[in-house]
Amino acid sequence: MKQHFAKNTKTLRNASFAFAATFLIVVFSGIFVIGIVALFDGSSSDSESLLSVWDVIPEAGQAKNAAIVGDENAGNAAEVYEGDEAYSYSIKTKDKDAVTIGFAGDILFDDNYAVGEAFKKHGDSVRGIFGKKLLSEMRNVDLMLVNNEFPYSYGGEPLQGKTYTFRARPETTKVLNEMGVDMVSLANNHAYDYGEQALLDSFTALHDAGVIYGGAGKNIDEASHPIYYLTENGMKIAIICATQIERLSNPDTKGATEETPGVFRCLDDSLLLDRIREAREKNAFVVVFIHWGTESTTEIDYLQRDQAIEIADAGANLIIGSHPHILQPIDYVNGVPVVYSLGNYIFTSKTQDTCMVKATFHNDGNVNLQFIPGIQQGCTVFAASGEEKRRIMDSMCSMSPGINMDAKGNISPK
Numbered sequence: 001m002k003q004h005f006a007k008n009t010k011t012l013r014n015a016s017f018a019f020a021a022t023f024l025i026v027v028f029s030g031i032f033v034i035g036i037v038a039l040f041d042g043s044s045s046d047s048e049s050l051l052s053v054w055d056v057i058p059e060a061g062q063a064k065n066a067a068i069v070g071d072e073n074a075g076n077a078a079e080v081y082e083g084d085e086a087y088s089y090s091i092k093t094k095d096k097d098a099v100t101i102g103f104a105g106d107i108l109f110d111d112n113y114a115v116g117e118a119f120k121k122h123g124d125s126v127r128g129i130f131g132k133k134l135l136s137e138m139r140n141v142d143l144m145l146v147n148n149e150f151p152y153s154y155g156g157e158p159l160q161g162k163t164y165t166f167r168a169r170p171e172t173t174k175v176l177n178e179m180g181v182d183m184v185s186l187a188n189n190h191a192y193d194y195g196e197q198a199l200l201d202s203f204t205a206l207h208d209a210g211v212i213y214g215g216a217g218k219n220i221d222e223a224s225h226p227i228y229y230l231t232e233n234g235m236k237i238a239i240i241c242a243t244q245i246e247r248l249s250n251p252d253t254k255g256a257t258e259e260t261p262g263v264f265r266c267l268d269d270s271l272l273l274d275r276i277r278e279a280r281e282k283n284a285f286v287v288v289f290i291h292w293g294t295e296s297t298t299e300i301d302y303l304q305r306d307q308a309i310e311i312a313d314a315g316a317n318l319i320i321g322s323h324p325h326i327l328q329p330i331d332y333v334n335g336v337p338v339v340y341s342l343g344n345y346i347f348t349s350k351t352q353d354t355c356m357v358k359a360t361f362h363n364d365g366n367v368n369l370q371f372i373p374g375i376q377q378g379c380t381v382f383a384a385s386g387e388e389k390r391r392i393m394d395s396m397c398s399m400s401p402g403i404n405m406d407a408k409g410n411i412s413p414k
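Sequential numbering of the sequence shown, starting at 1, is according to my numbering.
Among the hints, a few may not be true.
To be verified - Label-pair restraints from in silico Cβ distances:
hint, residue 1, residue 2, range
1, 123, 363, 40 to 50 Å
2, 161, 365, 20 to 30 Å
3, 258, 297, 46 to 56 Å
4, 95, 258, 37 to 47 Å
5, 112, 280, 41 to 51 Å
6, 365, 268, 29 to 39 Å
7, 297, 94, 34 to 44 Å
8, 407, 161, 47 to 57 Å
9, 85, 310, 38 to 48 Å
10, 161, 117, 35 to 45 Å
Said to hold, decoys possible - Using 27 Å as the maximum straight-line C-alpha spacing, the simulated DSSO-like pairs for lysine-lysine come out as follows:
hint, residue 1, residue 2
11, 282, 162
12, 282, 132
13, 254, 92
14, 408, 121
15, 133, 218
16, 408, 92
17, 133, 120
18, 133, 121
19, 92, 133
20, 132, 120
21, 92, 132
22, 121, 132
23, 96, 162
24, 120, 162
25, 133, 96
26, 96, 282
Calculated from the structure, these hints are not laboratory results. The C-beta atom is built at its ideal place from N, Cα and C for all residues, glycine as well.
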């Protein structure tokens, strides 16, 4: 269960809509606060309001679930094997017999792009960016994961010859805290955009913010190691992040080696499959968060299909994909749910369909999925409602012939 703490607002903005604006000046601890009314998207009568300056947001670094490193605490919940101590975290769950994990797609905080500029304009805050309903969903799962498509650093140089290179200020990690994000995947084709030092800076920035990262490390053992979450009731979740993008012999995004930092590359997936089997042998549910596929198409490519089968057969309980920047089908492969692409989450100023997926792992071995439709629009993201919600759900069902989806977005195999 995540805890949220009030934070004094330093700067509030003036706004007006069809009705007269209300101006209020409050003096608190010598800080002047100017309020605005909440903003609304007008696409439907029950559209979601964006988080306004009046809403309580978590204190940066305090918003997370109390995930605790090491065997002293995690060992009380479930067995921590030798060598896993530094990768094991204890969590408190709302349901003692289940763990609910939220997944969302690509995020970007780079000031040189529209969405990063929007975050900066709002004081590196979720205010004015995230809809209330969607933010509530993120904050109220037991664990929340996103694909972190950039390094956090002031250093490094953009990789020569690469068309798009991203980098964000280390202090923007506070946005992750406000979002309720517990863990990010760095296993993608942009975590290394500013070279080795910027990647190392990212490790420090995320650690300082209390956000766990997977899929990258100071060496291949770190980069490929499962992250274990253990509950008080003895459940264990292993999350493995990997990327097969930049399918070249000498990719821009360097893979970690025994001696050098990088990401966990899995075009050759032999180590990935070994890590899955290893985690299953340790009685864990296994989630594979994989960067794969072809950009800007809903079609699944042959490498996704082939690897989904191999990953499922190795023992994964859930496969979550990113990279295509749009939604792709949801399916079941040998009984294992596969979300081929979560799409962009808060990445551009374009209007795009997006989603959050909630996966609930039950102590009896079952895994349930819920699809929560969203819309990314004008550097904001919010839960879809009304006709837009139905349209996105219908679109997902149309491209996913192997699933059933009810009105609440609950998914089951046909």
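Taking the hints in turn, this is what the structure says about them:
1. Distance hint check for residue 123 and residue 363: the Cβ-Cβ separation is about 42 Å, which falls inside the suggested range of 40 to 50 Å.
2. At about 48 Å, the CB distance of residue 161 to residue 365 disagrees with the hint of 20 to 30 Å.
3. For residue 258 paired with residue 297, a C-beta distance near 36 Å fails the hint of 46 to 56 Å.
4. Range check, residue 95 to residue 258: about 41 Å between beta-carbon atoms, so the 37 to 47 Å window is met.
5. For residue 112 and residue 280, the Cβ-Cβ distance of about 42 Å falls inside the hinted range of 41 to 51 Å, so the restraint holds.
6. Taking the beta carbon of each, residue 365 and residue 268 are about 30 Å apart, inside 29 to 39 Å as hinted.
7. The beta-carbon spacing between residue 297 and residue 94, approximately 37 Å, falls within the hinted interval of 34 to 44 Å.
8. Hint check: residue 407 to residue 161, Cβ distance near 49 Å, so the stated range 47 to 57 Å holds.
9. Against the hinted window of 38 to 48 Å, the Cβ-Cβ separation of residue 85 and residue 310 comes to about 29 Å, which falls outside the hint.
10. At about 25 Å, the CB distance of residue 161 to residue 117 disagrees with the hint of 35 to 45 Å.
11. As the CA atoms of residue 282 and residue 162 are separated by approximately 40 Å, the hinted pair breaks the 27 Å bound.
12. Between residue 282 and residue 132, the direct Cα distance comes to roughly 38 Å. Violation of the 27 Å bound is thereby established for this hinted pair.
13. Using a Cα cut-off of 27 Å, the hinted pair residue 254 and residue 92 is violated, with the two alpha carbons roughly 36 Å apart.
14. At roughly 35 Å between alpha-carbon atoms, residue 408 and residue 121 are farther apart than 27 Å, so this suggested pair is violated.
15. Taking the CA atoms of residue 133 and residue 218, the gap is near 37 Å; set against the 27 Å cutoff, the hint is violated.
16. Proximity of residue 408 to residue 92 is assessed by CA-CA distance (about 26 Å); at most 27 Å being required, the pair is judged to hold.
17. Between the alpha carbons of residue 133 and residue 120 the distance comes to roughly 22 Å, so the proposed pair stays at or under 27 Å and holds.
18. Simply put, residue 133 and residue 121 have alpha-carbon atoms about 22 Å apart, close enough for the 27 Å limit, and the pair holds.
19. Between residue 92 and residue 133, the direct Cα distance comes to roughly 23 Å. Compliance with the 27 Å bound is thereby established for this hinted pair.
20. A threshold of 27 Å between alpha carbons decides the hint, and for residue 132 with residue 120 the separation of about 19 Å falls inside it, so the pair holds.
21. Between the alpha carbons of residue 92 and residue 132 the distance comes to roughly 24 Å, so the proposed pair stays at or under 27 Å and holds.
22. Simply put, residue 121 and residue 132 have alpha-carbon atoms about 19 Å apart, close enough for the 27 Å limit, and the pair holds.
23. For the proposed pair residue 96 and residue 162, the alpha carbon gap of about 47 Å is over 27 Å, so the pair is violated.
24. Restraint check for residue 120 and residue 162: the C-alpha separation of about 25 Å stays at or below 27 Å, so the hint holds.
25. For the hint pairing residue 133 with residue 96, the CA-to-CA distance comes to about 25 Å; that is within 27 Å, so the pair holds.
26. In summary, the hint linking residue 96 to residue 282 is supported, as the alpha carbons are separated by about 20 Å, within the 27 Å threshold.
Figure legend: structure checked against the earlier numbered hints; hints not met, in rising order: 2, 3, 9, 10, 11, 12, 13, 14, 15 and 23.
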